[in-house]
Amino acid sequence: MDFSLSPEQKMLAETVKTFVKQRSPVERFRKLRAEQRPWDPEMWAHMGELGWLSVPFSEDAGGFGGGMIEVAIILEGLGKALAPEPYLASVVLAGSAVAWAGNAAQHERWLAPMMEGTHALALAQAERASRYDAARPSTTAVRDGSGWRLSGEKIFVLGGAQAHAFVVSASTPDGLGLFVVDPDGPGVSRQVLRTIDGHGAARLRLDGASVDDDRRLGEPGEPAAAVLDRVLDRGAAGACAEGLGVAQAMLDMTVQHLKDRKQFGVPIGSFQVLQHRAVDMFVEVQLLRSMSVLASIRADEPEVELRQRSVSAAKAKLGTAGRLVSQQAIQLHGGIGITDEHDIGLYFKRMVGLDTALGDETWHVQRLSNLPGFAGA
Amino acid sequence: MDFSLSPEQKMLAETVKTFVKQRSPVERFRKLRAEQRPWDPEMWAHMGELGWLSVPFSEDAGGFGGGMIEVAIILEGLGKALAPEPYLASVVLAGSAVAWAGNAAQHERWLAPMMEGTHALALAQAERASRYDAARPSTTAVRDGSGWRLSGEKIFVLGGAQAHAFVVSASTPDGLGLFVVDPDGPGVSRQVLRTIDGHGAARLRLDGASVDDDRRLGEPGEPAAAVLDRVLDRGAAGACAEGLGVAQAMLDMTVQHLKDRKQFGVPIGSFQVLQHRAVDMFVEVQLLRSMSVLASIRADEPEVELRQRSVSAAKAKLGTAGRLVSQQAIQLHGGIGITDEHDIGLYFKRMVGLDTALGDETWHVQRLSNLPGFAGA
Amino acid sequence: MDLSFSAEDQAFAQEVRAFLAEALPSDIRAKAEIDAPFDPEETMRWHRILFDKGWVAPGWPERFGGPGLSATQRFILTEELELAGTPPLSPFGLKMVGPAIMQFGTPEQQQRFLPKILSGEEVWCQGYSEPEAGSDLASLRCRADDDGDHLVINGQKTWTTYAQYADWIFCLVRTNANVKQQAGITFLLIDMKSPGVEARPMLTIGEQPAFCDTFFEDVRVPKANVVGPIDGGWTVAKALLGHERTLLAMVGSSQRLLRRVKRIAAETFESGRSLLEHPGWRTEIARMEIELEALQMANYRALAGAQLGKAPGAESSILKLRGTEINQQLYELAMKVMGLDALSWYNEAGVVPDMEQGVAPQFCYARATSIFGGSNEIQRNIIAKWILGLPSGK
Amino acid sequence: MDLSFSAEDQAFAQEVRAFLAEALPSDIRAKAEIDAPFDPEETMRWHRILFDKGWVAPGWPERFGGPGLSATQRFILTEELELAGTPPLSPFGLKMVGPAIMQFGTPEQQQRFLPKILSGEEVWCQGYSEPEAGSDLASLRCRADDDGDHLVINGQKTWTTYAQYADWIFCLVRTNANVKQQAGITFLLIDMKSPGVEARPMLTIGEQPAFCDTFFEDVRVPKANVVGPIDGGWTVAKALLGHERTLLAMVGSSQRLLRRVKRIAAETFESGRSLLEHPGWRTEIARMEIELEALQMANYRALAGAQLGKAPGAESSILKLRGTEINQQLYELAMKVMGLDALSWYNEAGVVPDMEQGVAPQFCYARATSIFGGSNEIQRNIIAKWILGLPSGK
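Line by line, the protein sequences are chains A, B, C and D. For the first sequence, position 304 matches number 304 in the working numbering, and the numbering has no gaps at all. The number in the working numbering is simply the position in the second sequence, starting from 1, with 377 added. The number in the working numbering is simply the position in the third sequence, starting from 1, with 754 added. The number in the working numbering is simply the position in the fourth sequence, starting from 1, with 1148 added.
I should point out that these hints are in silico values taken from the structure, not numbers from a laboratory. By construction, the Cβ of each residue, glycine as well, lies at the ideal position given by its N, Cα and C atoms. Among the clues, some could well be false.
[Unchecked claim] No more than 16 Å apart at the CA atoms, straight line, and that leaves these computed lysine to aspartate or glutamate pairs for EDC-like:
| id | chain 1 | residue 1 | chain 2 | residue 2 |
| --- | --- | --- | --- | --- |
| 1 | D | K1341 | D | E1270 |
| 2 | B | K639 | D | D1284 |
| 3 | C | K977 | C | D903 |
| 4 | D | K1458 | A | E8 |
[As the list claims (entries may be wrong)] These stretches of chain C come out as covered by chain A in the derived footprint (C-beta under 8 Å, 3 or more residues):
| id | region |
| --- | --- |
| 5 | 837-844 |
| 6 | 947-959 |
[Stated by the list, open to error] Stretch by stretch, here's where chain D covers chain A in the computed footprint (C-beta under 8 Å, at least three residues):
| id | region |
| --- | --- |
| 7 | 255-262 |
| 8 | 265-271 |
| 9 | 289-296 |
| 10 | 358-372 |
So here's chain A without its partners, still in its complex pose (with noise of 0.2 Å):
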């Protein structure tokens, strides 16, 4: 048993630490956001540049074959800053669906630009009737010659706002399918949507939309609904780190505030009730941190029950955690916390954001007490 990183996860932390520091803190995100900007996609092609965006890929098709770990600190130094380039939604859940579905001239074609940083791509599958359950799209896609017509709305597509390509999951005659989309092509259209935490996300409507046969990911037949259930895990896994960054910053601010700010002529952390309240948030923070860990090692686990079971723990944590921290940290940060100037409300939301996308909350539990070990365990 060891939680210590090597010496290369060392120095990729650092890296983050410092890429983070110089060239992305918070103050760049609430720019775009002013703006309405999703993104600065100089800031994705030098994530390119860094290597960042083929962490998590075999070398076969083109990726440095790291793992979840370093992905997780890279997501954790992003979550600390608010950095709203879209790894999670690109990297990790639609670079991971095309990577593991897809085939060489597929990886060629979409995975490729993605990793240099020219591309993002993302990921639709939530849809309104299903909830977060990715199992049964409502989607479908049905054979029209060589190709497929696909039909059906994604209501929100994390990623969506900036993507270059899509990866929809629709159900297919011979089950659930992969397919990659045009967000330009005929039948589809994309609506920008304005989101509570300011990044990037989009609705997506299929309406009979046409899709060569090159572009649905690996062959029909194959379990293309137990690839995407793999890396939905990693997207939730990937979602605790960013949201352990999130709210590690929000302790570290707070903490922070309550030795600085003076009222009755004293910091107002010498008061017994706020040390103890901080001290709750600390003890979140840990537990959450323990929990990203292990979401991040049992993410790629080969073990079904055992990756979504560890998987759905830490999400579930993630929701419970987060929640706790955030709303103590505006209150504790009094009236300027919920000003939209100061940063503590923009993490606020952000981990909203984290908590309900992939799963909230109380879809994991469910996840979790649904599994057949959790009876007999």
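Following the hints, put chains B, C and D in place on chain A, whose structure we already have.
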């Protein structure tokens, strides 16, 4: 809208207060508990003399025609002092069942000696398989000549240790029936239970116990099920009132302890964290008081859904408020709080008993949420 | 004890509902039905309608233009307005400076200011908090220098809600720096059009422009605008705090919010079943309903006490505390029920169900309720000291 | 990062399990399976079996008779023993006074006391708290007067767990009343058979005779029994506190309790369906399982740090806090699941399912875990000050 007590009610409250202080301080309960005696029959007789045991019964049935407001005044006072006489069990539960379902002869036979304080009754409805749901007992009553044979097991009969007669619910060919059973009769066995709160209870086993027809309350075909439902709502409302007394006493003792106990050279009540904890207890007691009033007013409400909604809301609140108040009472008392010799632990355990009996928080929340008006409201 | 209203009071409730059915403008009603936020024009339009009816200030004595309602009728009126979702009127004139002027003002001040508060001709805001004086209000520094007939004001106020729309501001200012903090404070009425006053709107975390930083630079204010004695403002301010407790319970607003949660749950599906039909969600909603019912009963008890002329007692001190907590929890539940739709933010119609567009920003701004109006920590300090009698100190 | 154990460590875990399968006496195993409380005879019998195996003091250095296990192996051993539900050994000798004597004692003290702690020949208890000195331990008053070669003890200790079965007690006593509180305290070993010592057992709210009031009247103790310098006992006591944090996380014990909750839920029926099949109960249990999993991960992280020789860090400070909270919540859940059966109290067999007889008393006594060993309020004070660096004061 008026929450003030009538002059008669104020006088009753005053009498109860004086009685409890002079005749039934907590030490009396402690002594009975040490002797493993569930009650003091003389005290019961004295309550009969004071007329308390006749309060909620109609004048036709020989009672005073009072209502649940008066009952709540008495129960709150008994709760404050942990008086173990089975007022809730014998008067509110079993007494109401006999009063409402029984005929004049049955009133004379069982209600009259109970009101005089020479006898106590108990309602045997809880069974292991049905948890808190009393509607479909697995105890059966089958015809046997002009009488009945009862078979089944009641797992936790409140006040069953000291009862002279049991009102037993059983499924009959014509619906739910209520029978008055002699605990010493053939085929009947009573096992006195020790309980967490030291109040009297028993299991009752019926092995084809023979019961004459005049021991069936009311006439076949009458809706005894509806009577039982009303009786149990009265009981739940009564538990709220007694629980309010318990909670109020714990709050008062705890606030006093915070003022008296010194550590680090100051009263511990000067520590802000403990102050706020006491405030949280205070808030919950205030809310419980409000809900106990609601339950008393609505317990005899003819509109069934309104009655059930109010009583269930109040009983559920007893669960949440009781838990917070009693746990914090122990915590704020510190080490002495977990000794058997300090009274606070007796209150803690009584609250567990009242919270669990007659449907716990979960059960009442579910009942409320399943009322037809819930989704429509 | 009795939970019902008298026949007379029931008739009054009927009258209020009939009035609402008729007098509430249809555009405002449409917004009320979907819980959309109201803009100041709509709020003031509704203010004038209530003024015309005589109901704009239910709590005011008749000699100052109040309607002469009983405590129960005032309660009924407030509850019916809240349940109908009518625009909440600005409390700064009607509930705060108005009563202060009645209690502490000169006859001239009463004549000058009260009628225009009632009619809505003059809109007020509040200048209490400063960047360095929040929970510790008495440490305020906004300075008022004596200059003969005038005071000259320099300093800054913050969280001045809707100052950008206000005609007047009532302020606590420091007139004496050489005495103990509370003793050197004066309660002052300032015309927002005075030279040197500037209100800079700020956004909340819900991105509503709900309050301002307000700056004063050599602002000259006639001494005739001082309410109570110079250096005696703390007494005036403290008296005001007592007026608001039941206001802050937000029972009616939370009841509408609970209905809204149920409506959203009925329209949100999972595995082919609405969330409102799902036992897990039902019990979660039911638990909130029970807490809200308990709050409402506590509110009733406070009202019944007021009816009998009692000073607000123990039961009313908890109203702000629990009222704000429950309101926040209900918004949280609304967000959970909405799921991914909750992440949508001021999007054009059709992105999420139209009626629920406002949930996310309102959820965010609801975090303010436990901070403003005396933070919930301050409320607990007050209860610990004044009701439980615990020793102050550590 | 890696969550798995090395092959060597896995083999060790296998060895522990094999030992347990063979060496745990069947009567103790039967009690362990139903989570019945153990009596002192059973605990000491198991102590001696572990002593014979060499595993009774996994943390002791080899030169004092410890087994020379790695940090991971110590952890595995502890976890396996907890999971098997073996009797928890008294910590007062093995985890508290033993390490204190190793660190601060003279070679003579080490030779005199340590072997008999290991073998179980001498049983210890702890005399720290007094009726007036609980959270404020330094204010203790039990007096030790100098009388040449001896100290003469007068005073009272309380919460002396299992003092009625102990041969020795280690005490903090006041040797100097004229200096600052912490400076006048001495750490002293007292033979319980000394004239003038009396231990009076008290019952807990679970009605277990778990601790005593212990009285000292003119008890003569040789100065050779002072550990560390006279007046230097506070340093010894503080060093002891560090030893226990992971102990207090109670992970293994809570895991068994969770299994027990599930077992009860599987055997408890409502409307013909076991509670464990009921989605509402499943999610409630699952939420506890997730919190426990998070605690266990935090515990692993603390262990992994210890393996690398790091001082206990931030992750370990939370263990006592969350460990006790979770344990209490699990007992609460067990009670809820049991329903009316939970109200039964030390009844003869058959009244409630035999295996669950102990739940109610244990639920009651579990309230002690957040009070003893440094109350959770004190733990939060410590984290606020020493980890978050918040200013002390108000």
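Hint by hint, here is what the structure shows:
{"no.": "1", "hint": "D/K1341 <-> D/E1270", "in the structure": "holds, 12 Å"}
{"no.": "2", "hint": "B/K639 <-> D/D1284", "in the structure": "holds, 9 Å"}
{"no.": "3", "hint": "C/K977 <-> C/D903", "in the structure": "holds, 6 Å"}
{"no.": "4", "hint": "D/K1458 <-> A/E8", "in the structure": "violated, 21 Å"}
{"no.": "5", "hint": "837-844", "in the structure": "violated (count 0)"}
{"no.": "6", "hint": "947-959", "in the structure": "holds (count 4)"}
{"no.": "7", "hint": "255-262", "in the structure": "holds (count 3)"}
{"no.": "8", "hint": "265-271", "in the structure": "holds (count 5)"}
{"no.": "9", "hint": "289-296", "in the structure": "holds (count 6)"}
{"no.": "10", "hint": "358-372", "in the structure": "holds (count 6)"}
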